[in-house]
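Protein chains: 2
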Amino acid sequence: MSAPASPPPATDRLRHKTVSAAVTESLRQRILNGEFAPGIQLRQDALAEEFGISRIPVREALLQLEAQGLVRIMPHRGAVVTGLSVEEVEDIFRLREQLEPPLLALSARRFAEADYRRLRSLTDGYGAALAAGQVDRWGELNRSFHLDLLRYADRPRSLSIVSGLLQDCDRPTRLQLSASGDTARADHEHTQIVALCEAGRISEAADLLQAHIAHAAVSLVAIYRQAHAE
Amino acid sequence: MSAPASPPPATDRLRHKTVSAAVTESLRQRILNGEFAPGIQLRQDALAEEFGISRIPVREALLQLEAQGLVRIMPHRGAVVTGLSVEEVEDIFRLREQLEPPLLALSARRFAEADYRRLRSLTDGYGAALAAGQVDRWGELNRSFHLDLLRYADRPRSLSIVSGLLQDCDRPTRLQLSASGDTARADHEHTQIVALCEAGRISEAADLLQAHIAHAAVSLVAIYRQAHAE
DNA sequence: CGCGTCATTTCTGGATACAATCTACCCTCG
DNA sequence: CGAGGGTAGATTGTATCCAGAAATGACGCG
Numbered sequence: 447m448s449a450p451a452s453p454p455p456a457t458d459r460l461r462h463k464t465v466s467a468a469v470t471e472s473l474r475q476r477i478l479n480g481e482f483a484p485g486i487q488l489r490q491d492a493l494a495e496e497f498g499i500s501r502i503p504v505r506e507a508l509l510q511l512e513a514q515g516l517v518r519i520m521p522h523r524g525a526v527v528t529g530l531s532v533e534e535v536e537d538i539f540r541l542r543e544q545l546e547p548p549l550l551a552l553s554a555r556r557f558a559e560a561d562y563r564r565l566r567s568l569t570d571g572y573g574a575a576l577a578a579g580q581v582d583r584w585g586e587l588n589r590s591f592h593l594d595l596l597r598y599a600d601r602p603r604s605l606s607i608v609s610g611l612l613q614d615c616d617r618p619t620r621l622q623l624s625a626s627g628d629t630a631r632a633d634h635e636h637t638q639i640v641a642l643c644e645a646g647r648i649s650e651a652a653d654l655l656q657a658h659i660a661h662a663a664v665s666l667v668a669i670y671r672q673a674h675a676e
Numbered sequence: 447m448s449a450p451a452s453p454p455p456a457t458d459r460l461r462h463k464t465v466s467a468a469v470t471e472s473l474r475q476r477i478l479n480g481e482f483a484p485g486i487q488l489r490q491d492a493l494a495e496e497f498g499i500s501r502i503p504v505r506e507a508l509l510q511l512e513a514q515g516l517v518r519i520m521p522h523r524g525a526v527v528t529g530l531s532v533e534e535v536e537d538i539f540r541l542r543e544q545l546e547p548p549l550l551a552l553s554a555r556r557f558a559e560a561d562y563r564r565l566r567s568l569t570d571g572y573g574a575a576l577a578a579g580q581v582d583r584w585g586e587l588n589r590s591f592h593l594d595l596l597r598y599a600d601r602p603r604s605l606s607i608v609s610g611l612l613q614d615c616d617r618p619t620r621l622q623l624s625a626s627g628d629t630a631r632a633d634h635e636h637t638q639i640v641a642l643c644e645a646g647r648i649s650e651a652a653d654l655l656q657a658h659i660a661h662a663a664v665s666l667v668a669i670y671r672q673a674h675a676e
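Chains H and C are the protein sequences, given in the same order.
The numbers in the first sequence follow our numbering, run straight up by one, and end at 676.
The numbers in the second sequence follow our numbering, run straight up by one, and end at 676.
Treat the hints as calculated values from the structure; they're not laboratory data.
Cβ atoms here follow ideal geometry from the backbone N, Cα and C, with glycine treated the same way.
Hints are supplied without guarantee of correctness; some may be wrong.
[As the list claims (entries may be wrong)] Between beta-carbon pairs, the in silico distance windows are: (1) H/496 - C/667: 37 to 43 Å; (2) H/563 - C/471: 45 to 51 Å; (3) H/498 - C/580: 51 to 57 Å; (4) H/638 - C/638: 44 to 50 Å.
With the hints as constraints, model all of the structure from the sequences given.
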């Protein structure tokens, strides 16, 4: 209300190309971080006022989030943050088990020195975030690592699907696996997958990737079941 | 709370309660029908005037279409209808080959009389549309048939992915396979898949489904390559 | 004659204002 | 005392209007 007429350069933290995209990203992070828990209703007016903008970019952000499956919009009834059922989580991990290993086999052939350096730096950062307990950073690095493994698979649609799967299993992971001790094992497996690729033992790397995803699945599903049984 | 156990069968018949949703559906149909060819730029103002509405619902519709991958929006530069490259089409069919057969194996066990009736009516309508040369109806029925085959797989995320794949390979199919004679073969294979399921020979049905998708893939990719080489 | 620069024009992105719809509470009636 | 309906508040959906970015064209300069 104080500065409606003056062009507010007060878009401090909203420094993207469009306000809509910035709001989308911000809301997405907050949902993934658990600040907006499943079931919570997101009101356009409140969000608009909080960001200091009008409701239009908020609406567009919510639409994009709905497309990504993070919220559900019902006409005239607002947007609600979606949660994943145990069945959905299991399905997501099964899909990852099915999709990622063959893609790795395709991609790993084309790895060069620079790729291995990048992958190692990701696993290093992963371990560091793990030690520091930075759960959100951990999830981000995990997703980057897995996507980077498949980078050269040359299957555009497959990669976009896997990317979506990673995002969605990232959310329950951040929320509930942070207390689990199984992340160290994941870290070790990541390192080993890279080493196998570099040694040219690609099919072994693919097998390990599948086992890695399966391990993460059982660990996460167990915790997820426990949390949902409450 | 957990998700309602009742399946959502009423999603398609639901009347459009908002202008935005109606515009989304209309534009989607027009893109799938080829009225808006890939590369065409969709201007908000023109569409709004054509529909006799303001630009806001048009913008939201375009956002939803972008989320579905049908258009690509670049900031301040408008929305253009996307096309699929040959690599993407191949990838999509490979994914379908990989995903659909195991889902059919899961789903087919639960088929009851009513399901077989529905599937047969779909194949019948398919053949009829084929004979009548109704390409758009054909594509719609094909998609319904494949999704109906997997209806009881109980893999929510898998089904939503397959649904997206079907929509995207439906578009090039409608545009270019209409002239091909391979649709009769597809029709026959559809019928046979249902028959195998009904006879309890589920793994054979899954194998045939995979072969069916593979056949469609080689046929479509060949035509697609030819059209793109011109 | 080609190219860079600037103004105009067009279109999209965002803000404000208004209308339609849903929710909740209260009042009346059986 | 409970059920049904109606009204008021809140919240979303849409229209209109304004500002800013990108495409287009003309003009001047090398």
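Outcome of the hint check:
| no. | hint | verdict |
| --- | --- | --- |
| 1 | H/496 - C/667: 37 to 43 Å | 50 Å, violated |
| 2 | H/563 - C/471: 45 to 51 Å | 48 Å, holds |
| 3 | H/498 - C/580: 51 to 57 Å | 52 Å, holds |
| 4 | H/638 - C/638: 44 to 50 Å | 46 Å, holds |
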